[in-house]
Amino acid sequence: GNSVTQMEGPVTLSEEAFLTINCTYTATGYPSLFWYVQYPGEGLQLLLKATKADDKGSNKGFEATYRKETTSFHLEKGSVQVSDSAVYFCALPHSGGYQKVTFGTGTKLQVIP
Amino acid sequence: DTGVSQNPRHKITKRGQNVTFRCDPISEHNRLYWYRQTLGQGPEFLTYFQNEAQLEKSRLLSDRFSAERPKGSFSTLEIQRTEQGDSAMYLCASSSALTGNGYTFGSGTRLTVV
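Protein sequence lines, in the order shown, are assigned to chains A and B. The first sequence begins at 29 in my numbering and counts up by one. The second sequence begins at -8 in my numbering and counts up by one.
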C-alpha cells in the first residue's frame, strides 16, 4: 500500500535559517502529494500540493517538488520565521481519488528568535 | 462558511462510559472523514462518508465505534465502553468530490479516558 516516510524531529532552527524536511513515498501509480501543517492547538491545514511529477507546490514561502525518480517530496523554505513553528506532515492519497489519505508521522519544527 | 466545526473540543470521560463527538463539515462538501491522531503520530484514517453513505471503514474502527451521517450533512462518532487506549485526538475533515483540493480539517476533539 501507499506509505510516506518523513525525517524525524524535532528540528530546531534559528530565525532566517534554511529549512528542509525530507519526505519519501511509496505508491502505486503517481498520486498527488501534499504537505499539511498543524499549529499548536489547531487542526491540520493544507500547506501545498503537487499533482504530477516535476510539479512544484508552493505557499507562504514553502516549496516542495514532486520527484518521481527519487520518490521524494522534500519541503523547503529559504528563511524560516518564529511563526513557522508547527508540525509538518507529508501525505498522499490512495488511488481513485481522495477517499483516504496516508500521513507521515510528522516533523516538529521549532524556530527560535 | 466558518470551516469544519467539531464539538466538543475536549472530553474527559471515565473508562467504560460512552462518548459522542459531532462534526459539521463545510456545507458544500459532500465527503466527510474521521481520523484519529495519537501523540507524536500522524492522523490515521477511521472512516469515510460520501453524502450519507459510509463507504469505507478502517480495521481500527472496532465494534465499539460507530459513525453516522444521517442527512449527508453533520456526522457523529460514538465510542461505546471507552478504554484508556481510546485517548487521542479525533479529527474530522471534509472535501468536495468536484474540486479535489484536499481536505479541510476541523480543530479536533481531544478525548482523555481516565
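Simulated from the structure, these hints should not be mistaken for lab results. Any given hint could turn out to be false.
Stated by the list, open to error - Okay, the calculated bits of chain B under chain A, using three or more residues with CB under 8 Å as the criterion:
| hint | segment |
| --- | --- |
| 1 | 28 to 40 |
| 2 | 94 to 105 |
To be verified - With a cut-off of at most 27 Å between alpha-carbon atoms, the simulated BS3-like pairs for lysine-lysine come out as follows:
| hint | chain 1 | residue 1 | chain 2 | residue 2 |
| --- | --- | --- | --- | --- |
| 3 | A | Lys128 | B | Lys48 |
| 4 | A | Lys80 | A | Lys96 |
| 5 | A | Lys128 | B | Lys5 |
| 6 | A | Lys136 | B | Lys2 |
Here the structure is a predicted model, which means the values were calculated and not measured. We put the beta carbon where it would ideally sit given N, CA and C, even for glycine.
(message) Tell me the hint numbers this structure goes against, listed in increasing order.
(response) Result: hint 5 breaks, nothing else.
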